[in-house]
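Read off the chains here:
Protein chains: 2
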Amino acid sequence: MSAYSSKTALEHARRDALAFSLANCIRALSIDAVEAANSGHPGAPMGMADAATVLYKNHLKFDATAPDWPDRDRVVLSNGHASAMLYSLLHLTGYEDMTKEQLKNFRQKGAITAGHPEYGHAKGIETTTGPLGQGIASAVGMALAEQIMAKDFGPDLVDHHTYVFMGDGCLEEGIGQEAISLAGHLGLGKLIVLYDDNGITIDGPTSVSFSDNIPKRLSACGWHVQSCDGHDAASIDAALTLAKATTDKPSLIAMKTVIGLGSPNKAGTESCHGSPLGAQEAAAAKAALDWTAEPFEIPGNLLQEWRIIGSKGKEVRMAWESRLAQSDEALQAEFLRRTARTLPAEFKAAVADARKALFDKPQKVATRKASQMALEALAPVLPELIGGSADLTGSNLTRVPALDSQFKRGEPGRYIGYGVREFAMAAAMNGMMAHGGIIPYGGTFMVFSDYARNGIRLSALMGIGTIYVMTHDSIGLGEDGPTHQPVEHLASLRAMPNLLTFRPADALETLECWELAIRNRNRPSLLALSRQAVPQLRLEESGQNLAARGAYILRQVGDGERALTLLATGTEVSLALEAAEKLTKDKGIAVAVVSMPSWELFKEQDADYRANVLGTCPRIAVEAAAKFGWATFVGDEDNVIGMDSFGASAPAEELYETFGITSDAIIARAKALLGL
Amino acid sequence: MSAYSSKTALEHARRDALAFSLANCIRALSIDAVEAANSGHPGAPMGMADAATVLYKNHLKFDATAPDWPDRDRVVLSNGHASAMLYSLLHLTGYEDMTKEQLKNFRQKGAITAGHPEYGHAKGIETTTGPLGQGIASAVGMALAEQIMAKDFGPDLVDHHTYVFMGDGCLEEGIGQEAISLAGHLGLGKLIVLYDDNGITIDGPTSVSFSDNIPKRLSACGWHVQSCDGHDAASIDAALTLAKATTDKPSLIAMKTVIGLGSPNKAGTESCHGSPLGAQEAAAAKAALDWTAEPFEIPGNLLQEWRIIGSKGKEVRMAWESRLAQSDEALQAEFLRRTARTLPAEFKAAVADARKALFDKPQKVATRKASQMALEALAPVLPELIGGSADLTGSNLTRVPALDSQFKRGEPGRYIGYGVREFAMAAAMNGMMAHGGIIPYGGTFMVFSDYARNGIRLSALMGIGTIYVMTHDSIGLGEDGPTHQPVEHLASLRAMPNLLTFRPADALETLECWELAIRNRNRPSLLALSRQAVPQLRLEESGQNLAARGAYILRQVGDGERALTLLATGTEVSLALEAAEKLTKDKGIAVAVVSMPSWELFKEQDADYRANVLGTCPRIAVEAAAKFGWATFVGDEDNVIGMDSFGASAPAEELYETFGITSDAIIARAKALLGL
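If you're matching them up, the sequences are chains A and B in order. Position one of the first sequence corresponds to residue 20 (my numbering), numbered consecutively onward. Position one of the second sequence corresponds to residue 20 (my numbering), numbered consecutively onward.
Just so you know, the hints here were simulated from the structure itself, not pulled from any lab data. A portion of the hints provided could be inaccurate.
What the hints assert, rightly or not - Under 8 Å between C-beta atoms, here's a sample of chain A residues computed to sit facing chain B:
| no. | residue |
| --- | --- |
| 1 | G113 |
| 2 | D116 |
| 3 | Q127 |
| 4 | G193 |
| 5 | G203 |
| 6 | P224 |
| 7 | S228 |
| 8 | G438 |
| 9 | V439 |
| 10 | T502 |
| 11 | A510 |
| 12 | I572 |
Glycine included, every Cβ here is placed at the ideal spot set by N, Cα and C.
Sequences are here, hints too, so could you generate the full structure?
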């Protein structure tokens, strides 16, 4: 049981009669939606309804009739299981697509009212939440984006807050702390978090597993911290007012609440967290709340009040529209371009120039270095590009002159030092993408994609173009050893739907992959880049971005009919080429070497193209990574020259020998396969 | 630059002449090892050498000649990049296998001195570290294990501390906070953390990305916090003494240090973090430290001092040995059994009884429920089994009567409420495994294996038998939607070397997989378990654990030569069976249905067995997960009835229809494939 009794809380909620009635609209709809679905989480919506009412009624800058207004305040429901509250709010305030029918179809097939808020399902869902901690971390990204956009376009066009609802789970998850620490460090004053301190977790009272002093902990991380009565409208309002007035620190408002407020027998207990109240208790709760309307019905006067709340931002928005219309023409165009997520006209030429430079003067460099070169060429024409690294800038080579301004407290810049916080980096980048106006990329060692993995997943699930720069992409990392050498990561990332995993073979392909990553604004890209140098393999301009096909015949070595196809990616393409040349020389056979920077894009090509690239002769794959998955191209894992185990600590060249990823091994397998 | 000047720090280090000289042995060896490798991290060992000296000299309970002594204090180097310090300490104190030759071969092929400490490479490496934050989280597991073992065997046999060295990175990583929060909540008084507060991170001063007030933050999490001068032996000693005297809270000692202390030009800067000092600076550093010995040489008197430190625990250990020898015979035998990681004699019978019960009365249950039933049967004979869940006990069904005692502050129990901290749960379980005497398992939703992923990887890399209970293993999760539905997870886990991924088909297979998970003490197991019920498919005792073969012919439906093989796992095996029966009925063909609970174990079978199971006829795979990887068994992903996308929010049965994972889809594919 929460220390805050349900009875007292209800009395406090009643102090402001209108606010109480409005909050009961949220409670009733949430109860109804969960009952109709016979699944869901009624407790959190019922507990947070009073705070949500005050936020939307008195503070939130939004216009339900123009949900895409770029300067709206953002609301993130980090405790995404409270989705019924968000849907109820969107319905009540008049978001057009959030109909009553949708509430009735909560959690059903085809409805926009999914179990957890899904980005893109409905206007007003600012980001996908549910996996705990990622909402607050994405909100940090939104707050970063707001500062960057405000710097670029001025406070007349960009000046909004990011509000977050958050529960205990987000504070228990490590990523929550990463986000809190980063936000405190950077003093994100427009980030305001409402912490639903209800003392209840799935397994029981939070005291089962959690006893942090949250106000003290966040204060230690540079936050402005307040406590308030989460059911007293005046208390909530005062806290929000003071939070908004505090501009140099992010704000936490720790709201003492009762989960499931109104439910006579379940309020204040875990039993109303993740299950419907049940018909009887639902009725009892409505009675306790003096709610007499039919399920999904909102009394006309209350609906009218809510609709006033939903449109109260209209004037502010129209004033903003005229400021935009009256602003400098170039600024206006640029603002519209960036918020529409279209690339600048100059991008194409910048790519062409960078290609030309590589053909004029081929480069033998590590692909991480090639990535930096690509960024040097492209960043100057992409003011929306925001870089960063999880404390590995010098290794990831993610910093370039155009992005050399470090994002500091009160001083937005184009390069973000995320610290040793890979997961928060991923989620913050997702938040920047969702916010709009920004193309974020961030670097770490590829092995630590593990730490950020569910953030990458959310990029893919949301369908947003977050870019991951993952260097040191194999045992080629060398001496740091197996903890730092990715092995299974390529396979595990390729298995993820809707993610473009790129592993370029040389400087030119790296540039091509970067072009693709930037062009793909509706799905994330991950670039797997090498520590070690590779020669440039393509020396003549074909006029085409060949990486865009996912795989292509880089070279056919030898004359006559193709006897063997070698498929390879990244640093192993040059190894495959070496083997092909030896095989041709020794055995007189023709060997096609296929570079395969992206499986996903290759699978999207038409059947003829794929058949032509793969050929009908035997195939061998070469990749310094787990063999898992390659059978789809080479039939049998025996035809993969790859890794069967974790790596080891030694110089890179020795590891390639040790693990048998050599041209000799390719040749031996080819001879066995072809009976030579 | 650190606020603490290198000059002052050096003066403080000199206050205790002997301690300074001893610390310089660590510094010199670390410098030499990194120089010889021409790669590595000299800065942290040089900065922490003074503290390490005081710890080993005055506090640490250990005996270098008996490194496996179960009651030794544990030392975890959470900032694993400081590995040279640990290797130096092991060499200096006389661990037999840590020879001078090994130090000279730091980071080289075949050496036990890997870039980061690798569990199993050498005695005295208590766990693998390097991926930041996991060391401290594993240390929390060790401290938990110590309390549990002390409760089971009494303080005469179990009474030791866990010491951790930790840098800023571990405090920036979210998992660090998860571990801190859990340790504070449970009041792990014998956990003592030495925080190397050197103010430097890879990208520069920590102020670039980190400004938490660490003492305040940890104090908010229930820690006993002290600050000390990390170069003043007396200051360090006093802090350690007080930390040991504080038994109701874990202790943080924030040591103000200078990275690379002694290096005249690089101390206090990031330049000595991850690169060799270089010959010139190495010489200058040695000069500044009055160090005149040749590389890798330790003056005889100092080596003697260190060897005294290394053997000072001998008497204490021998006293412990006699206490063990004199203890109750059964207790002694049980202690030896558990620390030797052998299973009790009763285990076999418990498995047999549980099997019999299922054959006597077949069960139609969700495999998560079957998992609970297996635990109910096996836990009573396995006192080393320690359960837990990341706040999803009621969903994971991880709690059973034998483990019903909740681990509380000051009151060790057999069930741990890890809170919403999946990653710390994984790492803590690894720590328990590494500590010895415990078989840990922990549950969460399978999709959140993402959050814990690098912890699972470390289980696999370390070769330890941590058990992961991952429920809600597919779109069968239903209404919670795509954020909560694993899709790519099976593939991504199967791609990981040395991990046993199990997906049992029914109650019996679940029991068999549990048996295998418990028997496999040298590699981790992950059980993917369903939310939804499945019928029991095997109804007659074969006398064999068939899951141990990884895959087996569950049933051949129809007469005559096998025309088709259906491979399936988990909840889809019954679907495959249904399709097989329809196909036989409609088309008169014989169809073999293969249940494939573990790809890894199947791949370990001999070729004949594999060929017999797979058959020579066409094959189709059925699994409600990404198709990725299945081509290795069925040639073409078109022959996989699986997922091409993320899931959706709706009732489970509807999702199976929506995503085409139905017996009709299997039949349609079979007809196309066989030309029927």
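Among all the numbered hints in the text so far, which are the ones the structure does not match? The structure breaks hints 1, 2, 6 and 12; every other hint is satisfied.
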